[in-house]
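A.B. asks: Residues per chain are reported as follows:
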Amino acid sequence: MAEALATITRVAGLGMITLRADLDRAGDALAEAAGLAIPDTTGATTDGSRTLAWMSPDELLLILPQAELAQALDDLTQALMGEHGLVADVSDARAVFDVIGAGAADVVAKLAPVDAAAMPQGHLRRTRMAQTAAAIWRVDGGFRVIGFRSTADYLALILTNAAIPGSGLAPR
Amino acid sequence: MTHTPPFRLPAGGRRIDRAWQVPFRFDGRHLRGLTGDTIASALLANGQMLMGRSFKYHRPRGPMASGSEEPNALLGLGQGGRFEPNQRATTTPLTHGMITRSQNCWPSLEADIGAINNWLSPVFPAGFYYKTFIHPRPFWKHVFEPIIRRSAGLGRAPTDPDPDRYEQAYAFADTVVVGGGIAGLTAAREAADAGGTVLVLEQDGHWGGRTPTDHDGGQAAIDAALADLRGRKGVTLRRNTMATGLYDHGYLIARESLADHDPNQGIPRQRLWRIRAGRVIAATGALERPLSFACNDVPGVMLASAVRDFIADFGVAPGRRIVVVTNNDDAYRTALTAHAAGLEVPAIIDARPLADGALPQAARDAGITVLTGTAIAKVKGAKHVEGVVLCSHQGDGRPTQTIDCDVVAMSGGWSPVVHLYSHCGGKLIWDEGQSMFRPDPDRPPLGADGQGNVTVAGAANGDLRCAGDLEHPEAPTMPVWVMPARAPYTLRAKMWLDFQNDVKVTDVELAAQEGYASVEHTKRYTTLGMATDQGKLSNINGLAVLSNALNQPIQATGTTTFRPPYTPLTLATIAAEAKDDAFQPLRKTPIHAWHETHGASWEPVGHWRRPYAYPRAGEDRHTAVHREILAVRAGVGTLDASTLGKIIVKGPDAGRFLDMLYTNMMSTLPVGKCRYGLMCNENGFLMDDGVVARLSDDTWLCHTTTGGADRIHGHMEDWLQCEWWDWKVYTANLTEQFAQIAVAGPKARDVLERLSGTIDLSAEALPFMQWAEGELAGIPARVFRISFSGELSYEIAVPANRGLELWEALHLAGADLGITPYGTEAMHVMRAEKGFIMIGDETDGTIIPQDLGLDWAISKKKADYIGKRAQRRSHMTDGTRWKLVGLESLSDKVIPDGAYAVAEGVNGNGQRKTQGRVTSSYHSPTLGKPIAMGLVRHGPSRMGQVLDFPMPDGTVMQARIVDPVFYDKEGSRQNG
Amino acid sequence: MLILTCPYCGVNAEETELHPGGEAHLARIGPNGTDDEFEAYLFARKNAKGVHFERWRHAYGCGKWFLAARCTATLQVFGTYRAQTPHPPADIVEAIRKARPDWTPDWTPAEGTAE
Ligand SMILES: [Zn+2]
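Residue numbers (full-length UniProt numbering), protein chains in the order written: chain A, 1 to 172; chain B, 1 to 976; chain C, 1 to 115.
It is worth saying that the hints were derived from the structure and are not from the lab.
Ideal Cβ placement from N, Cα and C applies to all residues, glycine included.
Treat each hint with caution, since some may be false.
What the hints assert, rightly or not - 27 angstroms max Cα-Cα, derived BS3-like pairs, lysine-lysine:
(1) B:Lys-868 to C:Lys-46
(2) B:Lys-427 to C:Lys-98
(3) B:Lys-893 to B:Lys-969
(4) B:Lys-673 to B:Lys-868
(5) B:Lys-673 to B:Lys-893
(6) B:Lys-728 to B:Lys-893
(7) C:Lys-49 to B:Lys-427
Claimed, not checked - Interface residues of chain A toward chain C, partial, derived using beta-carbon atoms under 10 angstroms:
(8) Trp-54
(9) Ser-56
(10) Val-114
(11) Gln-121
(12) Arg-125
(13) Arg-128
(14) Ala-133
Stated by the list, open to error - Here are the simulated distance ranges between beta carbons:
(15) B:Gly-278 to C:Arg-97: 45 to 53 angstroms
(16) B:Arg-563 to C:Ala-48: 23 to 31 angstroms
(17) B:Pro-476 to C:Pro-105: 27 to 35 angstroms
(18) A:Asp-47 to B:Asp-17: 57 to 65 angstroms
(19) B:Gly-558 to A:Gly-122: 50 to 58 angstroms
(20) A:Gly-122 to B:Asp-580: 20 to 28 angstroms
(21) B:Ala-157 to A:Pro-165: 27 to 35 angstroms
Throw the hints in and build the complete structure from the sequences for me.
C.D. replies: Spelled out as structure tokens, the structure:
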């Protein structure tokens, strides 16, 4: 029997912080507190363990190891002191999956209305997967997908179904 | 020892593999075909020409075509959940052990009782149903409808669930070429040369379209084109993929068959492609038209191209003696193919006065008789062609000669397949020279940029010679719409235009005579081109007959609308992955698993599943709800309230913003306190409610209803982004970040105080409608003293990942106090006992807060809030609006939710006038009697009056108008 | 399937990623509005055949509301733009005029360019 198009793994232990602010005004302070450059529109900057993603013109998402969460919340709140902004811990509100394997792009292309194969590194696409919201970007060997915690089981199921062996999108 | 079926030719058949026999069943008979056969070619090889019955007259029918335009050979395939009706025998590859059966016949295909309709056909003309079943009226429901229902529909629906898997996929291409024939492959090469990505879709399992069959050297030309394309980056070639429809902005839907014929390999059976095409090149080819001569529907009358396909592609002889009848040169290829295969071709009947092109010459050279200026007056035979009676084409059908034959291969010319071009608004022009509608290049469908986004190539564009100089030149087609030209009524009444729906030349003429001048109306009146045909075979001949009858040019008649899908799509393919557990996202709270293991009976709330109650062994849901309520009222219970919306609103203008959003004042709420708020839309109608807590000087936390979280967050963002974009406010929807647990009941504090923690939960430190934060059971928590049950109650929010931990800690701590998990129904009953409204019960999108006696929650001081102006409209301030009251049943029975209270008199429709309705109704275990809330005209000023609620069974229930607060009016319990 | 480019994030999103919001550029009528003004604000919609301005939210994307100028008859999209403007900006007006020379704005375009 052929192999699954990709392995679907739930990723635990990630902290996530939603940041809202006027990035033109507060960008430098946030970048310093986050330890990462402010990403371009629909981009993501990363240093390996941390990723700072552009979510909307006045919103960023910092993804980091759970252990660094509390300190980062403090640092970011401090960075926005005196500035109109919002820092919120959303670590528990999310479910994260890695879709890794040669057919990872096929799995994404079956669920999201995006050109998965053409998605560049360092680009984060907010879209939907079937009927649930998702943010998708490239990682080594595939894609990382963030969805909502409450629909984690659904997301895992549709990802697994889309990856069933023998169902690659290459023309037959 | 291999057994060769009677009509399998000894040689030829480029698609079949003679080494591999494929057993299958047709109507219970065991037959054998070959690998590469379609069901139709395998049946023909076995001498089975009869494959179905027509829809209306149940006339015997054999295959007419060899492709997707086939109107007759529609079979039921498979068994159980895999049964599928109306599958085209001509396009479905034969597979090992396939079970096939004929449709629309009983008791059997050979002896079908419904065929009695055929004898009655003179009394079933166009519009028969519309005219006949109108009178007498009562007959419709009791006599006609049941009979018609039983005979309606072609084939029968499967009864079992479809066991197969389906999926969809998204694709993006600069150019999508639809059609893998010579025109499509050539266009693909040109598109690739010009740059960009190219996706080529071919409906069939084979590339090349008609070119390999019709042209010497055709296969080589196709192979060369394929080799070239396969060597290019950015070109994708996809077979077995039918482009079924083109939609706005170049969105193309296609169906790829993956495992149609081997469902057990575990991969999806079909895949729905959703393709964003920069531009589309429709190279969809052309379809041959039938000719309209008398009895042209007898099995054995086939399209000329189909006859040569069966011979050349499958090595199958549809018959032994084949008469060709035509108005063009192309059909001569069929005569030559049949002749070369060793079959008899007694004559080619050509309606044209002259046939001296290269192909007719080749036929004559082969010794085949060519009769020009000749027509078929009628076909002999009932269940099979036995011969043809000939006549002069220009005459009225007087017989000149009879020829015995078992197949008639007819060709009325070719029509471009213009469906894809037309789906999204592309217009057609009538090409007089070629007698065909073809795409008008000046009026293409338009893309998002306003430019044409579909071009057409090859035969689909009317270029029937697109295979190039591979072959001889051809003389023009002569339009022949009725054969012979001056056929009398008796012959025209036997000329079929639409073989599937039994529409004849005289039916269309009758429609025209009765005033159906529009082609769209004629289609509906006669059923011409309906069902799976969708204008493939019947269209042009029907339009021409209608135009003649209306005495107008065909261009003036126009065509019916070409709608997707081009060929039928199964619903399962459209649903794709959305079936079974993935039918829709099911939202689960962090405590879901605990509820599941503790026997929760679920209630769907939006996409959430919430425990309705937790029935124990021996309990039904009703009993469980009562037990849970009494446990809370007497002791303590827990409710999973995690689904409640939790939206942070922060910024210097947050207070001002919330004052606009809520009907009451939120800017004045002190830090540390909670306030119940109502939210209306600009129409003034109540849309959501919930408790707002002020977290800090510039931060509020807004609780919404379970169903309202996303909607209200969107509502906030809408106003912030589109109306007050200069206000400094940020929102964040943190609904899923927190688990929230309500701990309610007189012993709630006792339980909480048993948990370790840093929060002072005493009545003095944390009174009703305040909140505090700290640690509880070692978990960071925010505790709100709010109550929806009317009891002493705390709602505790903790990070979602620790929700289950808190829930279990509570149950451990309160075990000896009888702590009881309660569900949404207990919550509903308890809030009704307290007279609290519920969004969706007391409100339905037409209710303003004033209707519900909530004036206390509407600020009189504020100059403005969303909905304020609307609530001053005359209808809103009308004193006769129905208002909220309590209703006390005079019996011990619960009045049904939604029951109407009647008033004196009747309305204009003779119905009783109404004066109120029940909005919530329960049996209250606390009070031991039924309670209800309702909206009643002048209700609050009518305390003590009794209302009548008529029931569907004719009885009348009565209830007294009372105060809606049934329990603890002073609120001493929740304030405790 | 409508495909629109979100002016905030540049994503060329299909309709299933968007949430429609009806006619754009409605001026809110508050508590001081007359009955007629308020009725028109709530209920009177242009329902144009041709050039039309409407609200869309990039609901599955950046979450921002944007406005689209398109032709309701042909679905040609003249442009999309940010929602924070009382009238379509000058470049959108220009794009419409280029494609529909007969069309004239029903507001004074000078206002549209003033931010
Ligand atoms: Zn966007």
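A.B. asks: Work down the list of hints and note, for each, if the structure agrees.
C.D. replies: Each hint, compared with the structure:
1. B:Lys-868 to C:Lys-46: holds (25 angstroms)
2. B:Lys-427 to C:Lys-98: With Cα atoms ~24 angstroms apart, Lys-427 of chain B and Lys-98 of chain C stay inside 27 angstroms; holds.
3. B:Lys-893 to B:Lys-969: holds (24 angstroms)
4. B:Lys-673 to B:Lys-868: Answer holds: Lys-673 of chain B to Lys-868 of chain B is near 25 angstroms, not above 27 angstroms.
5. B:Lys-673 to B:Lys-893: Not OK: Lys-673 of chain B and Lys-893 of chain B at ~41 angstroms, beyond 27 angstroms, violated.
6. B:Lys-728 to B:Lys-893: violated (55 angstroms)
7. C:Lys-49 to B:Lys-427: Satisfied, since the Cα-Cα distance of roughly 20 angstroms is no more than 27 angstroms.
8. Trp-54: holds (8 angstroms)
9. Ser-56: holds (4 angstroms)
10. Val-114: Given a least distance of 9 angstroms, the restraint on Val-114 of chain A holds.
11. Gln-121: violated (17 angstroms)
12. Arg-125: holds (7 angstroms)
13. Arg-128: Check passed: Cβ of Arg-128 of chain A comes within 4 angstroms of chain C, closer than 10 angstroms.
14. Ala-133: holds (6 angstroms)
15. B:Gly-278 to C:Arg-97: 45 to 53 angstroms: violated (26 angstroms)
16. B:Arg-563 to C:Ala-48: 23 to 31 angstroms: holds (26 angstroms)
17. B:Pro-476 to C:Pro-105: 27 to 35 angstroms: Given range 27 to 35 angstroms: violated, Cβ gap about 54 angstroms.
18. A:Asp-47 to B:Asp-17: 57 to 65 angstroms: holds (59 angstroms)
19. B:Gly-558 to A:Gly-122: 50 to 58 angstroms: holds (53 angstroms)
20. A:Gly-122 to B:Asp-580: 20 to 28 angstroms: violated (37 angstroms)
21. B:Ala-157 to A:Pro-165: 27 to 35 angstroms: Cβ of Ala-157 of chain B to Cβ of Pro-165 of chain A: about 32 angstroms, so the range 27 to 35 angstroms holds.
Hint compliance for this structure: hints 5, 6, 11, 15, 17 and 20 are broken, all remaining hints hold.
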